[in-house]
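**Student:** Sequence:
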Amino acid sequence: MALTPLNELAVFVSVARHKSFTRAAKELGVSTSAVSQSVRLLEERVQQALFFRTTRNVSLTDAGQRLLERAAPGLESALNALEHLSADTTQLTGTLRLTVPSIALASIIEPVLPRFLRDNPHVHAEVRLSDRFVDIVEEGLDAGLRLIEAVEKDMVQVRLTPAFRFMVLASPSYLKRHGTPMHPEDLAKHDCITYRAPTTSLPYHWELERGRKELRIQVKGRLATDHSEVMYRMAVAGVGLTYLAELQVAPALRAGTLVPVLEDWAPSVPGIFLYYPHRSRASAPLRAFIALARKLLPTN
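My numbering applies: residue 1 is where the sequence shown begins, and numbers increase by one.
It is worth saying that the hints were derived from the structure and are not from the lab.
In this text the structure is predicted, and so the values were computed from the model without any measurement.
A few of these clues could be false.
No more than 30 angstroms apart at the CA atoms, straight line, and that leaves these computed lysine-lysine pairs for DSS-like [said to hold, decoys possible]: (1) Lys153 to Lys220; (2) Lys295 to Lys153; (3) Lys189 to Lys153; (4) Lys189 to Lys176.
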């Protein structure tokens with residue numbers, strides 16, 4: 001075989017460094033006779049003696065010394081390369097590229113990504129925060145996070161949150177100034193922070209439901225935005241009513257800086273799902289991120 005000279009060379013270097021056939025055999029995990037045979041075959045190949053042998057000592061001939069000086073550095077470099085490559089298979093490397101809506105920032109990215117990066121020091125992450133629908137294949141991303149209804153059917157879907165509600169909310173200061181709506185029809189009398197789709201700029205109709213009754217209401221207000229984080233912050237500041245996911249505003253609800261109104265009309269959605277293409281094999285960083293997210297996040 002073509003690799004036989006390299007095997008013989010590795011045995012030669014081990015004998016030369018140990019100055020012993022026995023110790024070289026122990027290092028290599030083979031018999032002493034196998035070491036002797038390998039050295040003999042190499043000497044026949046180069047047609048020169050490489051060692052002086054006595055019953056007590058083993059030393060290099062001039063030819064053996066020259067071969068050691070020239071061959072040992074290259075052989076060591078090759079062995080180091082194999083060791084590093086083997087280590088790479090146990091260490092996660094690469095880049096994780098995600099598209100994330102603002103609704104998932106506090107509930108998924110903040111609790112999972114810092115731990116993921118600590119656990120995988122050789123992995124890089126790229127998070128694109130956007131509320132628009134993103135073609136992850138076209139934009140070269142590993143995966144995206146979205147509500148289930150926003151995910152194409154040919155995608156693998158992984159649940160990362162339990163079901164949650166969308167709610168109409170306002171700050172206590174706004175409600176003190178303008179009163180509390182008691183029925184969806186009352187929204188027409190209020191200043192509502194409106195959401196416009198990033199891709200079309202069309203206004204989003206607030207979806208309300210109670211029992212079997214479902215309503216889609218086109219609200220009006222002085223502030224419009226294409227980002228739910230703006231809606232969140234401006235509602236806390238008392239600008240107007242807003243319509244947001246319960247999990248996104250959970251800190252404000254706990255602190256009392258936002259108050260739900262028309263709560264019995266709050267619709268429920270299945271949750272937030274990570275998605276990636278069926279035809280693409282999930283990268284190692286993505287698989288690790290999914291496993292950690294499932295471990296850290298409640299999904300029911």
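**Student:** Against the structure shown, which of the earlier numbered hints fail to hold, in ascending order?
**Tutor:** 1 and 3
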